[in-house]
Structure formats: structure tokens, C-alpha cells
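There are 2 protein chains.
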Amino acid sequence: MKKFDSIAIVGVGLIGASIGLAARREKLARQVVGIGRRASSLRKAKACRAVDQTTTHLERGVAGADLVIVCTPVELIVVQVQRIVAVVPEALVTDVGSTKQQLVSALAKSLPRNSHFVGSHPMAGGENTGPEHGRANLLEGRTVVVTPDRRSQDTDVQRICDFWAALGAGVLRMSPKEHDRAVAATSHLPHLLASAIAGSTPEDYFPLVSTGWLDTTRIAAGDAALWRQIFLSNHENVLQSLTRLERTLRSMRTALERQDAAKLESLLEQAKRTRDALGS
Amino acid sequence: MKKFDSIAIVGVGLIGASIGLAARREKLARQVVGIGRRASSLRKAKACRAVDQTTTHLERGVAGADLVIVCTPVELIVVQVQRIVAVVPEALVTDVGSTKQQLVSALAKSLPRNSHFVGSHPMAGGENTGPEHGRANLLEGRTVVVTPDRRSQDTDVQRICDFWAALGAGVLRMSPKEHDRAVAATSHLPHLLASAIAGSTPEDYFPLVSTGWLDTTRIAAGDAALWRQIFLSNHENVLQSLTRLERTLRSMRTALERQDAAKLESLLEQAKRTRDALGS
Numbered sequence: 001m002k003k004f005d006s007i008a009i010v011g012v013g014l015i016g017a018s019i020g021l022a023a024r025r026e027k028l029a030r031q032v033v034g035i036g037r038r039a040s041s042l043r044k045a046k047a048c049r050a051v052d053q054t055t056t057h058l059e060r061g062v063a064g065a066d067l068v069i070v071c072t073p074v075e076l077i078v079v080q081v082q083r084i085v086a087v088v089p090e091a092l093v094t095d096v097g098s099t100k101q102q103l104v105s106a107l108a109k110s111l112p113r114n115s116h117f118v119g120s121h122p123m124a125g126g127e128n129t130g131p132e133h134g135r136a137n138l139l140e141g142r143t144v145v146v147t148p149d150r151r152s153q154d155t156d157v158q159r160i161c162d163f164w165a166a167l168g169a170g171v172l173r174m175s176p177k178e179h180d181r182a183v184a185a186t187s188h189l190p191h192l193l194a195s196a197i198a199g200s201t202p203e204d205y206f207p208l209v210s211t212g213w214l215d216t217t218r219i220a221a222g223d224a225a226l227w228r229q230i231f232l233s234n235h236e237n238v239l240q241s242l243t244r245l246e247r248t249l250r251s252m253r254t255a256l257e258r259q260d261a262a263k264l265e266s267l268l269e270q271a272k273r274t275r276d277a278l279g280s
Numbered sequence: 001m002k003k004f005d006s007i008a009i010v011g012v013g014l015i016g017a018s019i020g021l022a023a024r025r026e027k028l029a030r031q032v033v034g035i036g037r038r039a040s041s042l043r044k045a046k047a048c049r050a051v052d053q054t055t056t057h058l059e060r061g062v063a064g065a066d067l068v069i070v071c072t073p074v075e076l077i078v079v080q081v082q083r084i085v086a087v088v089p090e091a092l093v094t095d096v097g098s099t100k101q102q103l104v105s106a107l108a109k110s111l112p113r114n115s116h117f118v119g120s121h122p123m124a125g126g127e128n129t130g131p132e133h134g135r136a137n138l139l140e141g142r143t144v145v146v147t148p149d150r151r152s153q154d155t156d157v158q159r160i161c162d163f164w165a166a167l168g169a170g171v172l173r174m175s176p177k178e179h180d181r182a183v184a185a186t187s188h189l190p191h192l193l194a195s196a197i198a199g200s201t202p203e204d205y206f207p208l209v210s211t212g213w214l215d216t217t218r219i220a221a222g223d224a225a226l227w228r229q230i231f232l233s234n235h236e237n238v239l240q241s242l243t244r245l246e247r248t249l250r251s252m253r254t255a256l257e258r259q260d261a262a263k264l265e266s267l268l269e270q271a272k273r274t275r276d277a278l279g280s
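Here the protein sequences come in this chain order: A and B.
Using this note's numbering, the first residue of the first sequence is number 1, and each one after it goes up by one.
Using this note's numbering, the first residue of the second sequence is number 1, and each one after it goes up by one.
Looking at chain A on its own, in the form it has when it is part of the complex (with noise of 0.2 Å):
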């Protein structure tokens, strides 16, 4: 791939440090330009040499940069992304946000027309938090989605998939309202879920949780902020998605209730089918 002459990358925790790990390992640009609102987060980022350079300043970090990187909460994105298409209308810009169709048809209303955004979801992440967990492979056999829209422009879009797959992700275009769809049955739903059954179990029987509730709770020790932004900017999908839930759950209730062992273990046995299909 043609390389890049200056990225920058805009919120430097988990996510953006890897990806500032990864893009100076692979030698994908002279210089990688880290921007955060925090003095200390960009300290660590330059300790563990995932940027070069730092500052607390969005314009004049992106000043320059023909790669911009977008690794801040979803709800920051569009103003972000409207300030950076001010100051380098000629660059390319993409986000790392786990929502798209709100973040990209806002930006498709309120961008110049010329300007160079593409969004992406690199779909990895962990509970830990901040530059100092970042890792040159957290994106290594990932998937990346890349979510043009009517307005992009095909160089654009190869470019940031070719970007993606420099740092060894398999990238999977898709729109942005199919990418939506998708990832509230496949991210936002599990963590629903998962903070469903953590908030929900009494006190009394902690003592007894073991390997199995901590599996299926894991992710909802997610920050909560963070999460409460992605299930309200993706809404309407996760209801839909809950709403197709409840209906398997209906029907393991009412084996249940009627102690249909039949009914119950076709149930189980379908969703170990799915869940033995996808890997461990």
C-alpha cells in the first residue's frame, strides 16, 4: 500500500495506542501524532512508543496529517470529524466507532462535499482501558468494517481498507445501516445481557458465582458511560435485536413450564450448534 506521510490519531487509549503501535511497526507513515485531552494518557502513549509526538491540541495535532484516526467516545465523533475536515480538508479521515449509521449520515449532511471520511469499526477491545494496554496485534485476525456511504469516493474507501489490512485485520465493507444491524445482535445485545444477569443476581448468592457467570457477565464491566452512549446512538436495533431474544427466551420458558425435555434440549442443542461453529 502507498504509505502515509503523518497520522494522527485522535484519543489515545486502548484502541488508539494499538493502533499507533501497530501503524509504527509496519512503518506506515514517517510519523504517528498522538491527541488526547489528557496530559497523562499521551505521556503513557509516548512511553510505550505508540506515538511519536503528542499534543492537547486537535487542530494543530492534525495539522499536517494526511491520515487522521478518529479513537474517541462515539458521541465526540462528528465534532471532531468536522473539525479535522476544516483544517486538513485534503486528508483522510476515519473513526473507530462501534455505532455508524448516526455518525455517518450526520457527517455526510454537515461535511464539504470533497472531503475524504470513511468510517470503520475495528471490532476488537477488552475491558482494560488507556494507551498502557495497548498491543501492535490487538488488531491481528480481527475484523475491521469499513462503512462507505452514496457520497465516498473509491479511492477513499481502498485506501482505509488497505490501511486496516496493513495491520493484519480481514476488513468486511458493509453499509453503515448493515453494519448497525449486525453488531447490536452480535456486541450490543451480548452486553445488554451481560449486564442483565450481573445487575440481577441477588447479593446473597455471590459466594456461589463460578466460571460460567463470570464468562457471561465479563463484558459488563465495561465502562458504563461508553456503553450508554453506543446503546443509545444504535437504539432501534437493540430493541429489535432484544426483541428477537425474548422470543427464544418465551420459548425456553415455556419448555421449562411445561418440562418439555424434548423442546428444551433442541433449544440447547441449536444454540450449541452456532456457538461450536464460531470458534472459541
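Since the hints were made in silico from the structure, they are not lab data.
Note that the structure is a prediction, hence the values are computed from the model and not measured.
Ideal Cβ placement from N, Cα and C applies to all residues, glycine included.
Keep in mind that a hint or two might mislead.
[What the hints assert, rightly or not] Listed next, the in silico DSBU-like pairs over lysine-lysine satisfying Cα-Cα at most 35 Å (straight line):
id, chain 1, residue 1, chain 2, residue 2
1, A, 3, A, 177
2, B, 177, A, 263
3, B, 109, A, 177
4, B, 109, B, 177
[Stated by the list, open to error] A short list of chain B residues far from chain A (calculated; beta carbon distances all over 12 Å):
id, residue
5, 46
6, 47
7, 60
8, 63
9, 64
10, 82
11, 89
12, 105
13, 111
14, 112
15, 132
16, 155
17, 213
18, 266
19, 276
Position chain B against the provided structure of chain A, taking the given hints into account.
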């Protein structure tokens, strides 16, 4: 603790083999006999030194044992304990079944008054079954619930508690009823939900499955027939736990429908506090 002369383990799967390995390591008996239906499992259990001797014949296997541990699926336990007590009425007998109320009360009604059965439930396991996955340290740091009833003799309960403690487990005494309510919430409900999520994820979205989905659904890979038995033997408590979860889900649904950020974040925050408190 006072050692045993001969321990018989009925069912040499993951749990049975792990108990054998740990009992042999801790030299808790002169010999450990493995009893199973399949010669192939027995061969594996002997090959990995989980047991000293093996047989497919229940009555012959337990003859001479002073401790018998029944590690077979929950549906089989009552009949097997009855057969064991008929052969060695003086032996201490326990089981590792995941539900206790049905089983303990069926045995209370059917066993002779001076028999020595005390139920147990080691809170450990994994998706992998079979003696080859057994580990001497499987129970170290885990909880084993011991579930005496009114008929249990104190000395028997104490010896069973000491046995599990000698394998490195933390021992908790609960009534069979309390135990079943608790595990409905901490084990059975998470399994039901993991299966519901795996079972209701549309196939088109499989490529977007990531860490969160995989963690949340991991236990849905468990054996469907085994879990069908567990659910049916505890269906009333599982239904009560499900009702409690559905209340939480309704609050989440309302918060999403009303786009009530404060309510949603407070639900997520409460779940996070519980999850954080219960370890990794």
C-alpha cells in the same frame, strides 16, 4: 483429616478424574477405584493416573469402599446411590450433581435411616469433558457446596466437608433448597441466556462476532442433554430467576425506548459494580 481406605469414583469424566487425581496426590486413601460405563473412559482415567483400578460393574466397584463419590449425570444419581447403599451401607456416599433438592429428598425417602449419604456440588467444570481433561488442581480455590438435610449425621457432614477441603476447595454448607435457588441465579440462568443469545443471533451476522459475544455465549457450548437434565431438575427456581432477569430487561427496554440516558447508565453502572466485585 482421617484418611479413607478405598475411595470409589462412579463416573470418570472431567470432575471424577480430577477428584481422583487430587485424592491420589493428597494420599487421602490407600486406593482409588474408577467405575464407568465405557471401557474407553476407564482406560483413559487409569492412563492419566486418576484411578488405581477400574471396572464397569457398579456393585463390584464399590464393594469395600468407605467413600463413594457419584460423578454421573444428575438423572442417574438417585438410582446409583440406592444401589451403592445396598452394597456398602456403612460407606460415606456423596455426589457432585448440579441440583440438589429433588435428589436429596428422593434419597431421604428411599434410603435406610442409618445410611451415610450427604450431597455435594463442586462449583467447577469446563466445556471440555472426559478424564483426559482432569486436573489435580481443578477444585483448588473453588467452592464446594455441601447440602445436608435433617437426616444427615453431623459426623458424616463433617467428614465430607473435610474431604473437599483436603482437595483445596472452600466449603459452604447450605440446605438443598437454598443451594438450588442460588445456582439457578448464578449458574443455570447464565447458561440459559448464553444459549438464548447464541440461538437467536442471525447467521448473516456471524462474521461480526467478536470477544464480547464469544465470552457471553461460551457456556452455551456445554453438553445439551446434560444441561436439559439440570434445567428440568431445577425448573421452578430457574423460572423464578428468569422472572427476575426479565424485570431488569424491561427496565433496560424502557430506558432504551425513552432514550433515558441517566436511567440506562445507572443500570449499566450497577451491573458493572457487581461484576467488578466478583473478580475476573
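Do the hints match the structure? See the list:
1. A/3 to A/177: Roughly 30 Å separates the two Cα atoms, so the pair holds.
2. B/177 to A/263: holds, 26 Å
3. B/109 to A/177: Outside the cut-off at roughly 61 Å; violated.
4. B/109 to B/177: holds, 16 Å
5. 46: holds, 27 Å
6. 47: Non-interface label on residue 47 of chain B holds, nearest chain A Cβ at 26 Å vs cutoff 12 Å.
7. 60: With a cut-off of 12 Å, residue 60 of chain B remains clear of chain A, as the shortest Cβ separation is near 32 Å.
8. 63: Answer for residue 63 of chain B: holds, closest chain A Cβ roughly 34 Å.
9. 64: At roughly 34 Å from the nearest Cβ of chain A, residue 64 of chain B sits farther out than 12 Å, so the non-interface label holds.
10. 82: The claim stands: residue 82 of chain B keeps its Cβ more than 12 Å from every Cβ of chain A (closest is about 23 Å).
11. 89: holds, 32 Å
12. 105: Holds: least Cβ distance 17 Å, greater than 12 Å.
13. 111: holds, 25 Å
14. 112: Given a closest Cβ separation of 30 Å, the condition holds.
15. 132: holds, 17 Å
16. 155: holds, 25 Å
17. 213: Label violated. Min Cβ-Cβ 5 Å, cutoff 12 Å.
18. 266: Violated, because the least Cβ-Cβ distance between residue 266 of chain B and chain A comes to about 8 Å, which does not exceed 12 Å.
19. 276: With a cut-off of 12 Å, residue 276 of chain B comes too close to chain A, as the shortest Cβ separation is near 6 Å.
Against the hints set out earlier in the document, violations occur for numbers 3, 17, 18, 19.
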